[in-house]
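Residue numbers (this note's numbering), protein chains in the order written: chain A, 4 to 197; chain B, 46 to 758; chain C, 3 to 598.
Hints are computed from structural coordinates only; laboratory data are not their basis. Model, not experiment: these values are computed from the prediction. Among the hints, erroneous ones may be present.
Here are a few chain C residues that sit away from chain A, every Cβ distance over 12 Å (derived from the structure) [said to hold, decoys possible]:
1) Phe-39
2) Met-98
3) Ala-256
4) Ala-353
5) Lys-434
6) Leu-444
7) Arg-596
8) Leu-597
Once the Cα atoms are required to be at most 25 Å apart in a straight line, the calculated BS3-like pairs of lysine-lysine come out as [stated by the list, open to error]:
9) Lys-106/B with Lys-437/C
10) Lys-65/A with Lys-225/C
11) Lys-117/A with Lys-65/A
12) Lys-545/C with Lys-434/C
13) Lys-434/C with Lys-369/B
14) Lys-369/B with Lys-437/C
15) Lys-580/B with Lys-437/C
16) Lys-284/B with Lys-434/C
17) Lys-180/B with Lys-284/B
18) Lys-117/A with Lys-103/A
19) Lys-581/B with Lys-545/C
20) Lys-98/B with Lys-284/B
21) Lys-225/C with Lys-52/A
22) Lys-437/C with Lys-284/B
The beta carbon of each residue, even a glycine, is placed where N, CA and C say it ideally should be.
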Amino acid sequence: MIKQLLPGFRMVLVLTVLTGLLYPGVVTGLAQILFKHQANGSLITRNGKVIGSEIIGQNFTKPEYFHPRPSAAGSDGYDASASSGSNFGPTSQKLIDRTKASVAQLRAENPSFKPELPSDIATASASGLDPHISPASAAVQMERVAQARGVTREQVSRLTRRFTEGRDLGFLGEPRVNVLRLNLALDERFPISR
Amino acid sequence: MPSSIHERETATTTPRQVRLGDPTELLPKKLAHARPLFDPEILRRAIRDSFVKLNPVTLMKNPVIFVVEAGAALTTFFLVRDIAVGAGNIGFQIQIALWLWFTVLFANFAEAMAEARGKAQADTLRKTKTDSIAKRIIVGDRFERVSASQLRAGDIVVCEAGDLIPGDGEVVEGIATVDESVITGESAPVIRESGGDRSAVTGGTKVLSDNIRIKITSNPGETFIDRMIALVEGAERQKTPNEIALNILIAGLTLVFLLAVVTLQPFAHYSVSAAGSGSVPTIAVLVSLLVCLIPTTIGGLLSAIGIAGMDRVMQHNVLAMSGKAVEASGDVNTLLLDKTGTITIGNRQAVEFIPVNEVTQEELADAAQLSSLADETPEGRSVVVLAKEKYGLRGREVASHEAHFIPFSAYTRMSGVDLDGRQLRKGASESIAAFVREQGGQVPDELTETAERISRQGGTPLAVADAHRALGVIHLKDVVKGGMKDRLGHLRAMGIRTVMITGDNPLTAAAIASEAGVDDFLAQASPADKLNYIKKEQAAGRLVAMTGDGTNDAPALAQADVGLAMNTGTMAAKEAGNMVDLDSNPTKLIEVVAIGKQLLITRGALTTFSIANDVAKYFAIIPAMFMATYPALDALNIMGLHTPQSAVLSAVIFNALIIIALVPLALRGVRYRPESAASLLRRNLLIYGLGGIIVPFPGIWIIDQIVHALGLA
Amino acid sequence: MTPNGILQIVSFFLLILALAKPMGAYMTRVFNGQRTFLHVLLRPLERLCYALTGVREDVEQRWTQYTASMLSFSLFSFVFVYGIQRLQAFLPFNPMGFSSGHAPGNATAMTPDLAFNTAVSFVTNTNWQSYGGETTLSYFVQMVALTVQNFASAAVGVAIAVALIRGFARQQANAIGNFWVDLVRGTVYVFLPISLLIALFFASQGAIQNLNSYTVATTVEGKQQVIAQGPVASQEAIKMLGTNGGGFFNANSAHPFENPTPLTNLVQMVAIFLIPAGLTYTFGKTVGDTRQGWAIFAAMSVLFLAGAFTLYYFEQSGNPNLQKLGIESMASASQPGGNMEGKEVRFGIAATSLFGTVTTDASCGAVIGMHDSFTPIGGLVPLFNMEVGEVIFGGTGAGLYGMLLFAILGVFIAGLMVGRTPEYIGKKIEGKEVKMAMIALLATSAAVLLFAGISSVITFPKDAYWNGSYGAATGNLNNGGPHGFGEILYAYSSGAANNGSAFAGINANTPWYNLTIGLAMLIGRFLIIIPMLAVAGHLASKKRVPVTSGTLPTHGPLFVGLLVGTVVIVGALTFFPALSLSPIVEHFLMNQGRLF
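If we strip away everything but chain A, and leave its shape as in the complex, we get (with noise of 0.2 Å):
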């Protein structure tokens, strides 16, 4: 055993170099080289000044926007340094307390929405920032945005069709509509004044 601990040193410092140090460093200088507006976080500039990353949710309450899932990232929801989701149990009172809220909410701000909400509207995501909600769930908000920005639901809709994403390569994961880039985009295309 003692003549194994010399080698076993010396390995853990050579790999420590080859992985730790030399392998991050090329995929760094590579990434930074090739795909250096993704590597730096997709983050989306106004102005000179960062509103966002286009893949991480944020969060939006004005009804002239559409809102984004429940959030169970940091104390206040939408906390990109503190990624989390609620880990509530299928069984769990307070998973029952925080859906009922949601649902009641959102028919309140939704009033002339009256089937069963999708799935994925009441409930928390699993990294508290999805960027994304379901076609479906973009649906059950287009007559209020519609009506806070003074235009038509058929024109939200059409706009938000633009920005559903199907499923990669046709069959992987879900349709999905990229909330914080739908609203970007309802902002340029029917804006508010102010």
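Since the structure of chain A is provided, determine the placement of chains B and C on it from the hints.
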């Protein structure tokens, strides 16, 4: 014919004929002198021993059953405490405690049953060990009478008709017929004579005729019968490697289940407080779960299976020196079978008369028959029989004629008769040719050619001549035993290679090998060849079994993984092998292999069954345990057991009864047919694996119905 | 279940099926020291590693030396990881100043017990995380301590598997290979090149790779959002390929920066199974009968598909308690239906169920959905996968040697039923092998059950060292009722199985949990590796028994069934009581509408 003496001997000393009924039935029907499975005397002894075995010190060797006993004791302790303080459900606890003790007793009973059979057998043997008086030679013909127990190795004794042979030894002078029924169970006497391979005698056997001098080879207490008693009694029983491995497995599983049950207590504690109802399971219920889960079935039956395996070998009149040998025989990859007596019936038979020149068949047959009339060898008799059957020539009374018989001698290598002026001779073709020339005759080329042709076909030519006139050739042929090809085929299906050992030349050997269907043969085999062949096979990872009887077989017998020595053989051979066939029937090797396999299969089957049983027991006990805490778990009560208590009790009762129910199977061994491993596994997995999962469901359900109907819980 | 969901699961499986052989054949060559197409580039690197460490490539080791080398390497790995974590305040690449005075307000302190737990966790290839990455660790720790162990612990696992394979393949041999050589070859030829490719692919899809400090964004609605950054893609690639699973971020692969698209998600899952699946082929190839490898592959596949579809079925069926609130559970073209609590929209139900199965079949432990929020039976599948010892493809190397352990047990029990001393791959399975297999089985079961048992009932004084303000060990739970017990059971199952995923509601960052889960991880790693190496050494010294029709065939459907049965029955029998008090009873309670 260098082996002719040997052949004759095998023929005369193999009283029990080979049973070759249904070739798929490798295990012959129960032997006449085997005891019934549940002999009342054995049963009584076993029941008594079951209680003796409750002693925890001895039970410690069996970890599974020891845990059951500890659990039973614990339950009893809490029962007594609860009676004292007047708490708990006393009626239920009493029943659980009782059934747990029964479980231990049943397991003990299984082992005791297996042992009792051996002990009963040992008692029978011991009766033969009455201390006889020996006539020890002092000098020349003078002897003194001493007690047999005073004999030491090296002493010479004399035995006459009616004497019991006082100890194991070798005949150094004389020839006698001996009754060896005490060890072989066979009443027909056998011949024992000095020199050669049938000089060994066993203490306790009886001289029937003539007298012999015997050199004693073993000291008192170390004789063959002593060893036999020790073996059947199981006094020297050591666990076999396989049994040890299995013990590790079930001990490990016992620990795993112990963990699962012990930790259930805190889990239940959490659940009770989380659900806000019910209570933590009692000790009686936890112990019940533990006992149901640990592999009590195989734990209780494991040693019984091993002992019963030895016993089964014994019932086939084979004495295995260790359980390891029996187990190894199941593992055998290569069987070395002596051609003579094993594959072929012990002797050659005349099958054809081939005349030369103008001689007619009838003339040759007549001459051959006359020349053989005094030939008492099986070959000689077969010539007489063939002539009679094929040409209607009846054996004639030759005494009225001037007949002078010429016996076989190693020098002339022929025999015959001088009759009415004729000089009829038969013998090896070269000898006859020389004889003919000597008498002034010509030897036709046809004779030599025919003889060579017969040799090439694997036969033995015997030339026949009348003085200067060569008459023709008798074709003697080795006759493969009926059904042998099928049996060897079954061995092949089991993945066992058969190798025929013969002193014949390669041509002859090849012919017989292909006729019998062996996989390989070893021709002109010397003892050294055998030994090397075994070593070569073993180097390739194969296990080898062989039979042997001669002193020169001893090294090979010792080298082989399974060496089955013939009881008629020399002491050296018997010492070298790890099994002795008291019937001296070399074909028995095949049966021994089957028994070894059956032993292993029985262990595997009951282990699988035992583990598979647990599934149902969970479904009985777990919902019962937590009915008050989580009534929703009633969904798992798929058997619809009446109450939590009846569910637990039924599972425990089932667990105990299944041990008793499987005792006959453990003692008898599971059904075994020679077939490929794949189909064996498929069938046994279905019966003992799937069956083991399914059977307890109706079993526990029925017991629950009874328990409920009787109002026991 | 939807046709599209079934298609996702089946096509993933077919992809693994297609990749197993080329990957396995490549690894066979690598570990035999034969040339591959990468030797031109990487052979000098391999040699450099030997030169720097003084390892002699041509000297082989007995199993005891092999074990000593492995232990020595693991010991120093532990010391390094522990030390670097504790010293992160003084080390570079710590833009957020973790463990220093100017750490963010939500930062987690790097206590000795947390550093111990994390070091053990990464050295044992478990990657259980009592911390959230973005609130606790500097980039230096993530790269130099954790990424290194992602490579090293995975390569150790493969080395052990390769040594065991040699044990079966060799006869009458003393040595089972050289640990250092196997370690270096695995790292240099297998893990590094593939990780590099995957990392760049991830970066192209949106996984981040930088050393910037966290970005402060002002959201559209004018709120402040701090966006965590870091060298994620490089760590993410080896995290999956090495079945490590320790996320850069708290949300692990659910985080969009770790796993931005369904396509990267597919690559992540493929990366998890790639090496374990390939090793089954390596096994068959090396022992000289590829059917033996495929049989193992088939048994793993049966268990995998059964688990994936079970999990998927229950997740897609959803939670009736949510349905009562007016939430749709049927999937449609525009929404995923089912139980979306703790799942990401881009992945939906099917991909999350598949990932949940894959990550716990293997000892990965990465998650794209919160297992804690799965339906009861949906949560039972990962729990059971771990409790059977992660042998369904399993961890890199660990899956194969774990499955071979079950093969030894299964062959021993059922093999007797063919009437011979059981043999596997021509090696007799005897007392020693059975003993070692039982030690491994017993140790891991004990680690799960005993620690879970203690944690179910133990209480500490409030605010005492051991469990802080939680008091009782059950105070750390995020859920009540059977699900709360499930969190405890899951934690120790995950630790002992070296998985690392969690019913993450449990707040395990207290000395009590950090220490006990750490011990469970050590037991689950080394009390399997050492017995298996002993088996390797013992097998190598044995002769190979020639195969005959009397030999138990271990390459057909019968054996596959036997192996599957052994895994399921041994696992079920050991853990059924515990499971019946957590997910099983919870399933019935959920349907009755009982809440806790």
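(request) Evaluate the condition: distance from the CB of Lys-434/C to the nearest CB of chain A exceeds 12 Å. (result) holds, 22 Å
(message) At 12 Å, judged by beta carbons, does Ala-256/C keep clear of chain A as stated?
(response) It is violated; Ala-256/C is separated from chain A by about 4 Å at its closest Cβ, not greater than 12 Å.
(request) Sort out whether Lys-52/A lies within 25 Å of Lys-225/C, counting only the CA atoms. (result) holds, 13 Å
(request) Would you mind confirming whether the straight-line C-alpha gap from Lys-98/B to Lys-284/B stays at or under 25 Å? (result) holds, 18 Å
(message) What's the verdict on Lys-545/C and Lys-434/C, does the C-alpha distance respect the 25 Å limit or exceed it?
(response) holds, 15 Å
(message) Please check whether the beta-carbon of Arg-596/C is more than 12 Å away from every beta-carbon in chain A.
(response) With a cut-off of 12 Å, Arg-596/C comes too close to chain A, as the shortest Cβ separation is near 6 Å.
(request) Take the C-alpha atoms of Lys-180/B and Lys-284/B, compute the straight-line distance between them, and say whether it is at most 25 Å. (result) violated, 42 Å
(request) Measure nothing beyond the straight line between the CA atoms of Lys-369/B and Lys-437/C; if it is 25 Å or shorter, mark the hint as holding. (result) OK: Lys-369/B and Lys-437/C at ~20 Å, within 25 Å.
(message) Just want to verify: Leu-597/C was marked as not at the interface with chain A; is every Cβ pair farther apart than 12 Å?
(response) The claim is violated: Leu-597/C sits with its nearest Cβ about 5 Å from chain A, within 12 Å.
(message) Given the hinted pair Lys-284/B and Lys-434/C, is their Cα-Cα distance within 25 Å?
(response) holds, 15 Å
(message) Can you confirm whether the C-alpha distance between Lys-581/B and Lys-545/C stays at or below 25 Å?
(response) Holds, because 13 Å separates the two Cα atoms, which is no more than 25 Å.
(message) Hint check: Lys-65/A vs Lys-225/C, CA-CA at most 25 Å. Holds or violated?
(response) At roughly 12 Å apart (the allowed maximum being 25 Å), Lys-225/C and Lys-65/A satisfy the hint.
The structure shown violates the earlier hints numbered 2, 3, 4, 7, 8, 15 and 17.
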